Structure formats: structure tokens, C-alpha cells
Amino acid sequence: MTRAALGRKQRANTEDFWETWRTLPEWYERSRIEALVDQAVAELRSWSGKRVAYAWSGGKDSQALRLVAERAGITECVLAISELEYPEFLAWATDNMPEGLTVVNTGQDLGWLIKNRDMLFPKDANIASRWFHVINHAGQRTYYRAKKLDALLMGRRHADGNYTGPGGTTTYKDREGTLRVSPIAEWTHEDVLAALRYFDLELAPCYGWPRGFRVGTGSWPARQWCRDEAHGWQEVHAIDADIVRAAAPYFPGAARELEG
Amino acid sequence: MCGIFGFIGEWGQLPDPDLLRVAAREASSRGPHAWGVVSLQGGALEWTKGRGPLGKALERELQLPESSLVLGHARLATTRYGAAQDLLQVQPLLDLDETVALAHNGTIKDPETIRYFHDLPPARTGNDSEVLLQLLAADLPLRPEALMKALYAVGGDVVAHAAVAISRDGAMVAASTGQPLYRVRRPEGSYICSRPLGYATRVETWAGRL
Numbered sequence: 248m249t250r251a252a253l254g255r256k257q258r259a260n261t262e263d264f265w266e267t268w269r270t271l272p273e274w275y276e277r278s279r280i281e282a283l284v285d286q287a288v289a290e291l292r293s294w295s296g297k298r299v300a301y302a303w304s305g306g307k308d309s310q311a312l313r314l315v316a317e318r319a320g321i322t323e324c325v326l327a328i329s330e331l332e333y334p335e336f337l338a339w340a341t342d343n344m345p346e347g348l349t350v351v352n353t354g355q356d357l358g359w360l361i362k363n364r365d366m367l368f369p370k371d372a373n374i375a376s377r378w379f380h381v382i383n384h385a386g387q388r389t390y391y392r393a394k395k396l397d398a399l400l401m402g403r404r405h406a407d408g409n410y411t412g413p414g415g416t417t418t419y420k421d422r423e424g425t426l427r428v429s430p431i432a433e434w435t436h437e438d439v440l441a442a443l444r445y446f447d448l449e450l451a452p453c454y455g456w457p458r459g460f461r462v463g464t465g466s467w468p469a470r471q472w473c474r475d476e477a478h479g480w481q482e483v484h485a486i487d488a489d490i491v492r493a494a495a496p497y498f499p500g501a502a503r504e505l506e507g
Numbered sequence: 029m030c031g032i033f034g035f036i037g038e039w040g041q042l043p044d045p046d047l048l049r050v051a052a053r054e055a056s057s058r059g060p061h062a063w064g065v066v067s068l069q070g071g072a073l074e075w076t077k078g079r080g081p082l083g084k085a086l087e088r089e090l091q092l093p094e095s096s097l098v099l100g101h102a103r104l105a106t107t108r109y110g111a112a113q114d115l116l117q118v119q120p121l122l123d124l125d126e127t128v129a130l131a132h133n134g135t136i137k138d139p140e141t142i143r144y145f146h147d148l149p150p151a152r153t154g155n156d157s158e159v160l161l162q163l164l165a166a167d168l169p170l171r172p173e174a175l176m177k178a179l180y181a182v183g184g185d186v187v188a189h190a191a192v193a194i195s196r197d198g199a200m201v202a203a204s205t206g207q208p209l210y211r212v213r214r215p216e217g218s219y220i221c222s223r224p225l226g227y228a229t230r231v232e233t234w235a236g237r238l
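For the record, the sequence lines run as chains Y and H.
Adding 247 to a residue's 1-based position in the first sequence gives its number in my numbering.
Adding 28 to a residue's 1-based position in the second sequence gives its number in my numbering.
Heads up, a few of these hints could be off.
[What the hints assert, rightly or not] Derived SDA-like pairs (lysine to any residue); straight-line CA-CA distance at most 20 Å:
#: 1; chain 1: H; residue 1: Lys84; chain 2: Y; residue 2: Arg388
#: 2; chain 1: H; residue 1: Lys84; chain 2: Y; residue 2: Ala393
#: 3; chain 1: Y; residue 1: Lys394; chain 2: H; residue 2: Leu225
#: 4; chain 1: H; residue 1: Lys177; chain 2: H; residue 2: Arg143
#: 5; chain 1: H; residue 1: Lys137; chain 2: Y; residue 2: Asp487
#: 6; chain 1: Y; residue 1: Lys394; chain 2: H; residue 2: Lys137
Just so you know, these hints were derived from the structure itself, not from any lab.
Keep in mind the model is a prediction, meaning the values are calculated, not measured.
Please take these sequences and the hints and turn them into a complete structure.
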């Protein structure tokens, strides 16, 4: 690689990601991502004979994870959703789903959001992490237990500041007993984008939405780093006006956004 | 995405209720929003449907129908925000005179334009899959090549689809342009499911008749 590397997505500009996506074949050697994929697949083969699945959110990291997992013969995976998803994302997930996908709906809906108004457009990292806890982690835990898994592969990466294990290791057991393994923990953003480009994996529509690479996948009220609530409604309105219309009777900010 | 399951009996036999429940539970893992089941009862297609995951309904009180022709669907709603609560959109969908029932997994872009070009009547349900049912119902009797033709007419050459249809006269057809669909043949008949059941074979096109 000869370009300046993208920083953490929390700081990087979405336009920088798109520029990297567009120009990547000009400067990123295909052999590098092929070697990374081969290495990750070889490491995953050590799990042969165990009950292993992977977490698939439809995001770019989980698409890269899907690539290495499926090449290692691991085809079962889980997508955790709530009742607060963007229909366009669900349609994309339908068109692009892995064959072994199970969907777990953790059930948070508008009624739940009305009772948990502090969860709307997270104002800090604690609330953002609560979203992951009540949807992603809860759904993954349900699946892990139902399938009696030995390990769940995650698309977590150090370049995003994700926790993958003590001291930067890539395996740990969480408090609920789920053994989480992060096979692409050391991959850079460029490596992930290269995996998608060179192996013809689709980017989810959310990356084309406002601040797409920064926000990523997830339920609509979990959009992070909005300037304020009005900004959150404005972005959701630009993505899917039906969502704001459905929320308007219960959230004055949504009603104000519709009034223009 | 959605889950599909079904059964057609050999010489009118009934399904193994345990295996049919397994198929329903497996299909449920693809569609958490709503479910529907259509079966042939005394020469008529009868349906039952509900909101929420099919797996939960099975755990509670739902008994799958005793019939030699069964088609079920577990839905993940993708048509518009709030559609998950709309029972009118729940599949399997039945045509106007309840001759054919269809269970579909896939997304159909711009069904109104497809309707316009094929001179089809307006939608009744708001479900994008309805246009596929309309195309199929306009090309009876049920044949796998007619289902495949309908899948291609709704974009099956661009995105992956899978569909299974049954008819009042005792036929079942199945077709896939990429979405997973499997069949297991047992002495009592054939089971269809979106996920593999035991020694299942992948379906591209298939047809069965009572």
C-alpha cells in the first residue's frame, strides 16, 4: 500500500472511505489481500470439528469475515435485528444473505423506544454500547445457546478500536459464556475494502447514506455521532421518510422534521 | 429474507408431523416478522396466519395442518417501514379465486412497472411478491417452467429468488434462481424447506402432484 491509511472510522470522513473504495485497485496489490485471506482461513481450520458460526451484520467487516469463514467451511451465521430496521437494508440483506443465515429478532420496537427515549441517537459511547448489548449481543447469545456453539466468529478489528480479547489477543469468553473469536482483528480498513472489491462482495446500502462509513449498519435510532436529535431525524428522513412519519406521533422531533 | 417450507404426499399420504414441524422451525429462522400456512382441505386451500416468529407460535399452541399438501412461509418484511405488522402482506399469498397459493423468498424491484408491462390488475396486498403470484396465476396450470419464467420476469436473472406454489387441484411446484431451497424425499412424500433437512437435495426446479 502506498497511500495514507484511513484512520478509525469514528474519525475518518466517509468521503475518504469512498475515495479509497474507488481508487483501491490502482494501488492495493491483490496478492496482499489474498495472503491475508489465506492466513485467516488457515487459522480457522484449527476449529475443524467444533461447532463454530459467525456473526453477520451485513456490514463491510462481516462481509469480509463471511469470505474467510465460508472458505474455512464455516457457513452457519446469525444476524440480530430489531423491529427498528431500515427496510432497504433488510431488502439488501435478503438479496445478499449467506446461505446458512439465521435471523434473530430481539424485538425492540417503537413502543420500546418510547420507554427508552435516552437510546434515541446515542449521545455517548455508553448508550451506543447499550444498543449493541440489547440487539447484537443478545441475539448472538440466543443463537449461541440454541445451536450449542463452541465459538462465534466476529468481524471485530483493532483498527476500529474494537475489543477482541485481553492484551490484543483475538479470542475471549464474555460474561455470558460466549467464546468470541476475531479472525480479521489485524486487518486495516483498506484490507477489508480490498477483500470486498477483489472477491466481489457487495457493500450494504447504508454506506451510501449520510455519514455511511462512520455510522455503518444497525437499527435507525442507533445512529451514532449525530450533532443533536434534529440532525438524527434529518438523516433518517433523508434515508426513509416512512420511518419519521411512523415516529412523529410519539417523538416531537420527528414531527418537527416532517414540518420542515 | 424469508423461509419457505412445504409437503406433498405420495398417493395422498400425510406428512410426518415431527418432520413437518422441524421444516417449519428451520424456515422460521429466516423470517421473524410473521407466518402463514396454507393447506389443501376437502378440495379447498385454507390458510392460517399470524404475527411474530413461526417458531414461537409452534412452541405455544400452533398445530400444523394435517393435509397431504401444505405450504408455509416465515416472513421478514422488506417492502416498507411498518409492513411487518400488516397481516394482509403475510404469505403464502392466494390468488383472487383461491386456486393457487405462493410462498416467495426474494425482493422484487418496482412491481408496479412489471404489472404495467404484463397488463396485470392492481395489487391487493402491498406485498411485492403479489406480482409473482399474478404472473403465475395467469399462466396455469402450475408448471415449474411457468414458475421459473415468472421468477425471471420479476428480476430473477439479477437477484436470487426462491418460490414454491401449490394449487387446489393438488400440484406443487418449486423453483429457485439462487436463494436456497431444498427437498427431502421420504416414503410418505416430499418435504421442501429453505434450509437443508437431513439428506436434502438442492432444488432448481421441481414439481409434484398428489
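Now the hints, each set against the structure:
{"no.": "1", "hint": "H:Lys84 - Y:Arg388", "verdict": "holds, 17 Å"}
{"no.": "2", "hint": "H:Lys84 - Y:Ala393", "verdict": "holds, 14 Å"}
{"no.": "3", "hint": "Y:Lys394 - H:Leu225", "verdict": "holds, 15 Å"}
{"no.": "4", "hint": "H:Lys177 - H:Arg143", "verdict": "holds, 15 Å"}
{"no.": "5", "hint": "H:Lys137 - Y:Asp487", "verdict": "holds, 16 Å"}
{"no.": "6", "hint": "Y:Lys394 - H:Lys137", "verdict": "violated, 34 Å"}
Violated hints amount to a single one, hint 6; each of the other numbered hints is respected by the structure.
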